[in-house]
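Undergrad: Below, each chain spelled out in residue letters.
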Amino acid sequence: MKINFSLLILLILFIISCKSNNSYDPVRSYSDIQKDLTAKFILAEDSSVIELPEGHFLFDKSLSLEGKSHLTIKGKGIDKTVLSFKGQTDGAEGLRITNCNSITLEDFTVEDAAGDNIKVMDTKDITFRRMKVAWTGKINEDNGAYGFYPVMCNGVIIEECESMGSSDAGVYVGQSENVIIRNNIVYQNVAGIESENSDNVQIYGNEVYDNTGGILVFNLPGLSRYGRNIKVYENNVYNNNRKNFSVPGAIVGYVPAGAGMIILATSNVEVYQNSIKGHKTGGIAIVSYELIKAMDEMNDEKPDEAELPDGIAAFNADYKSDPNYDPYPGKIYIHNNVYDNNKWIPDLNSDMGKLLLVKNGLKTPDVIIDGILPDNYLGENGRVNDAYKICIEEEGVKFLYLDAENDFKGMHENVNNYKCEQIIL
Amino acid sequence: MRTNHFIIILTTILIIGCNKNTDDKVEKTTAIDEPVEVETYGLGKAWLSEYGFFENELSQLKPVENVHPYEINSPLFSDYASKKRFIYLPEGESINYVNEGILNFPSGTILIKNFLYKKIQNSESPKIIETRLLIKNDNEWKPLTYIWKEDQSDAYLEIVGARKPVQFISEDGELMDIKYSIPDLNQCQNCHNKNEVLTPIGPTAGQLNKYVINNGKKVNQLAVLAGNGSLSGLPELKNVPIVAQWDNPGHFSIDQRARAYLDMNCGHCHNPQGSAKTSGLNLTLDEFDEHKLGINKKPVAAGKASGNLLYDIVKGKPEESIIVFRMDSDKPEIMMPELGRSLIHKEGVELIRQWIKNMDE
Numbered sequence: 001m002k003i004n005f006s007l008l009i010l011l012i013l014f015i016i017s018c019k020s021n022n023s024y025d026p027v028r029s030y031s032d033i034q035k036d037l038t039a040k041f042i043l044a045e046d047s048s049v050i051e052l053p054e055g056h057f058l059f060d061k062s063l064s065l066e067g068k069s070h071l072t073i074k075g076k077g078i079d080k081t082v083l084s085f086k087g088q089t090d091g092a093e094g095l096r097i098t099n100c101n102s103i104t105l106e107d108f109t110v111e112d113a114a115g116d117n118i119k120v121m122d123t124k125d126i127t128f129r130r131m132k133v134a135w136t137g138k139i140n141e142d143n144g145a146y147g148f149y150p151v152m153c154n155g156v157i158i159e160e161c162e163s164m165g166s167s168d169a170g171v172y173v174g175q176s177e178n179v180i181i182r183n184n185i186v187y188q189n190v191a192g193i194e195s196e197n198s199d200n201v202q203i204y205g206n207e208v209y210d211n212t213g214g215i216l217v218f219n220l221p222g223l224s225r226y227g228r229n230i231k232v233y234e235n236n237v238y239n240n241n242r243k244n245f246s247v248p249g250a251i252v253g254y255v256p257a258g259a260g261m262i263i264l265a266t267s268n269v270e271v272y273q274n275s276i277k278g279h280k281t282g283g284i285a286i287v288s289y290e291l292i293k294a295m296d297e298m299n300d301e302k303p304d305e306a307e308l309p310d311g312i313a314a315f316n317a318d319y320k321s322d323p324n325y326d327p328y329p330g331k332i333y334i335h336n337n338v339y340d341n342n343k344w345i346p347d348l349n350s351d352m353g354k355l356l357l358v359k360n361g362l363k364t365p366d367v368i369i370d371g372i373l374p375d376n377y378l379g380e381n382g383r384v385n386d387a388y389k390i391c392i393e394e395e396g397v398k399f400l401y402l403d404a405e406n407d408f409k410g411m412h413e414n415v416n417n418y419k420c421e422q423i424i425l
Numbered sequence: 426m427r428t429n430h431f432i433i434i435l436t437t438i439l440i441i442g443c444n445k446n447t448d449d450k451v452e453k454t455t456a457i458d459e460p461v462e463v464e465t466y467g468l469g470k471a472w473l474s475e476y477g478f479f480e481n482e483l484s485q486l487k488p489v490e491n492v493h494p495y496e497i498n499s500p501l502f503s504d505y506a507s508k509k510r511f512i513y514l515p516e517g518e519s520i521n522y523v524n525e526g527i528l529n530f531p532s533g534t535i536l537i538k539n540f541l542y543k544k545i546q547n548s549e550s551p552k553i554i555e556t557r558l559l560i561k562n563d564n565e566w567k568p569l570t571y572i573w574k575e576d577q578s579d580a581y582l583e584i585v586g587a588r589k590p591v592q593f594i595s596e597d598g599e600l601m602d603i604k605y606s607i608p609d610l611n612q613c614q615n616c617h618n619k620n621e622v623l624t625p626i627g628p629t630a631g632q633l634n635k636y637v638i639n640n641g642k643k644v645n646q647l648a649v650l651a652g653n654g655s656l657s658g659l660p661e662l663k664n665v666p667i668v669a670q671w672d673n674p675g676h677f678s679i680d681q682r683a684r685a686y687l688d689m690n691c692g693h694c695h696n697p698q699g700s701a702k703t704s705g706l707n708l709t710l711d712e713f714d715e716h717k718l719g720i721n722k723k724p725v726a727a728g729k730a731s732g733n734l735l736y737d738i739v740k741g742k743p744e745e746s747i748i749v750f751r752m753d754s755d756k757p758e759i760m761m762p763e764l765g766r767s768l769i770h771k772e773g774v775e776l777i778r779q780w781i782k783n784m785d786e
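Protein sequences, first through last, are from chains A and B.
Counting from 1, one number per residue, gives the positions in the first sequence under our numbering.
Counting from 426, one number per residue, gives the positions in the second sequence under our numbering.
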């Protein structure tokens, strides 16, 4: 009887340690099709299908596809066909697709690339369907940066996919247009889904949990194009409280753990009918690039000190010379979401989290506005300039206006200030 | 006692079972089997010798009449390999001079680049590893790669690339043991990419504007090409641009040398039409905007490759500059350039380090 008891405890410990959500350890048994598959990628005829066989296949360099049209690459299912780039010595990506037209990837897994699992660049119409991208082993900063990484593409569909373990973003779309990200499962990344400098993006029906930040809509300066027209709806975003495991140089390094959504310096964004629950820092944050820059300067001057900013001073940053970049968010419409964010201590590893704790106590806001405003925030008639209007139509939402620009003096919780008579998108 | 024993064994098994697949190191080698028959897929000739670029013994690389040798001022670093470059011109054709960009080569031109190590462990003679061709037809360039046989008698077409173990002796007399990477055809375009069109990188007027020893005499390469009718439209040499020799401090300033080095080693991707255009970093010689050159510029998507550093270049502080961190790495997820080397180019890193150190803060 005593033996059984010890065994039981041991077994429980074992199950706990193995099932810990800080590691992903699928069983793999590799075989080699590198030469054969590389040749198929090089020689593929337009309008053809490359069939990937069932099995686990190890590659020591990136597989690249270049200048092809109407090509489908199809596996036997995410659990059956696995392309692994574990220990690769050549190239940083797993799959690299450039300068193509109408490419569809379906039914296989790509894992353990040194850098990004799947990078797609300068391609018109790229579809990922029932794919999985992941990093095996411990979930930490040694993992690659991006899972799905289409950049400078026109026509992107990412659907029914799974992405985990990215030390930057699991599903990332950058400098692209006409993007649909739907019905994916995204977990255990720093950023779950990130739309960066992209135009006409729809993010819906996704299950996003256990990331540092759930869904990010970012606009960063100095890039080839700027984004707008983003719709985020019917997503289930919950418990994104994972400790940030990116590096300080990366922009997602600023994301505090426990952030459901962040809208950064982007215009024309509609967020509706999402469920945003279980976040310890905030449900939705609407912030300007000035805030990032200010946090940056704070880091520069006091790298080890946990001091709070005392107001955000004017600074001269290079992005101000870019006439096409607007560091302030605007034309934001937030409505009909469901919230329940009651974890009580915000992320104390981030400046934002500390700030919230000191200024707001143990109340996790559902919607936060940083309150750093452009000079022309108010028009000549004294009303808010349409370009910077934020409309929030939510019942019983816990709201927080930070007034970061004025040393938090004008901080308030009155969401009625953001009820709009007329919605401008 | 029996119980304890049992539990210990069980624990051990569980621990082993639990740790499985987490930290095992995977190494994979693509074995090189020299083919007897070469599959060409209709892309080019099976063997290098079939082109007839070189006379007598192929490995001597002694060019026939319409194959012209050339050097460039600041080459790309390729794991300390030496390069012997040639231009094949079709009968009666000549290159048209242009001041900026790649010289205007006639259709039918083939650029030939041989990669070799001069000093090889346990060998008296140099060893040629691969020969890359860029073939121009109807205004389009196509790449092909030939891998040299161990006996150096010929080289065969290989489209999927390979890794070849090489033991060479460095200039400091050190034995270097590397797995030299020969690119597959799709990888060629990663670097040879301008607006999604495959383009040569090296042969610009400024890079070829170089004095070489020819038949015991010091002559300008461009003048030689013009003299034998292979180059038309060459202006007076004083009006031809010149790219600095990165390793010639006697003739060129550190700024000129660093910029030439960055142009050749980074600028082929880091330019507004190149593969790294999404980074917003432009390292070509014609960029003068400090921010676009990386000074106080934050990385866009470097991820952990930023090495916990905030900016590409911090004036006066090479140790805080991401550019130095990435050049000084040989990890694939961090290193720059990301293709074409497995070793760190110590001399190149030192040049860029000094260049940044010398910048006024």
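Treat the hints with care, as some may be off.
On the chain B side, residues computed to face chain A include the following (Cβ under 7 Å) [claimed, not checked]:
no. : residue
1   : K567
2   : I584
3   : M601
4   : I603
5   : N611
6   : Q614
7   : H617
8   : T703
9   : G705
10  : T709
11  : E712
12  : N733
13  : E758
Note that these hints are calculated values from the structure, not bench results.
All C-beta atoms in this analysis are idealised placements derived from N, C-alpha and C, irrespective of residue type, glycine included.
Undergrad: Classify the hint on B/G705 as holds or violated, based on whether any CB of chain A lies nearer than 7 Å to its CB.
TA: holds, 5 Å
Undergrad: Hint B/E758 vs chain A: min CB-CB distance below 7 Å?
TA: Where the cut-off is 7 Å and the nearest Cβ of chain A is about 4 Å from B/E758, the hint holds.
Undergrad: Tell me if the interface restraint on B/N733 is satisfied: Cβ within less than 7 Å of some Cβ in chain A.
TA: It holds, given that the least Cβ distance between B/N733 and chain A is near 5 Å, below 7 Å.
Undergrad: Holds or violated: B/H617 as interface residue toward chain A, Cβ cutoff 7 Å?
TA: violated, 11 Å
Undergrad: A closest beta-carbon separation below 7 Å is what the hint needs, so does B/I603 meet it against chain A?
TA: Not OK, violated: B/I603 not within 7 Å of chain A, min 11 Å.
Undergrad: Holds or violated: B/M601 as interface residue toward chain A, Cβ cutoff 7 Å?
TA: Hint on B/M601: violated, closest Cβ of chain A at ~16 Å, above 7 Å.
Undergrad: With a cut-off of 7 Å, does the beta carbon of B/N611 approach a beta carbon of chain A closely enough for the hint to hold?
TA: Cβ of B/N611 sits 4 Å from chain A, so the hint holds.
Undergrad: Take the shortest C-beta to C-beta distance between B/E712 and chain A; is it under 7 Å?
TA: This hint is violated: B/E712 lies away from chain A, its Cβ roughly 14 Å from the closest one there, beyond 7 Å.
Undergrad: Under 7 Å, Cβ to Cβ, is where B/I584 needs to be relative to chain A, so tell me if that hint holds or is violated.
TA: With a minimum Cβ separation of about 5 Å from chain A (threshold 7 Å), the hint on B/I584 holds.
Undergrad: So, B/T709 near chain A? Judge it on the closest CB pair being under 7 Å.
TA: violated, 16 Å
Undergrad: Taking the least C-beta to C-beta distance, is B/Q614 closer than 7 Å to chain A?
TA: Constraint on B/Q614 satisfied, holds at 5 Å.
Undergrad: Does B/K567 hold up as a contact with chain A if the rule is Cβ-Cβ below 7 Å?
TA: At 11 Å from the nearest chain A Cβ, B/K567 fails the 7 Å test, so the hint is violated.
Of the numbered hints listed earlier, those contradicted by the structure are 1, 3, 4, 7, 10, 11.
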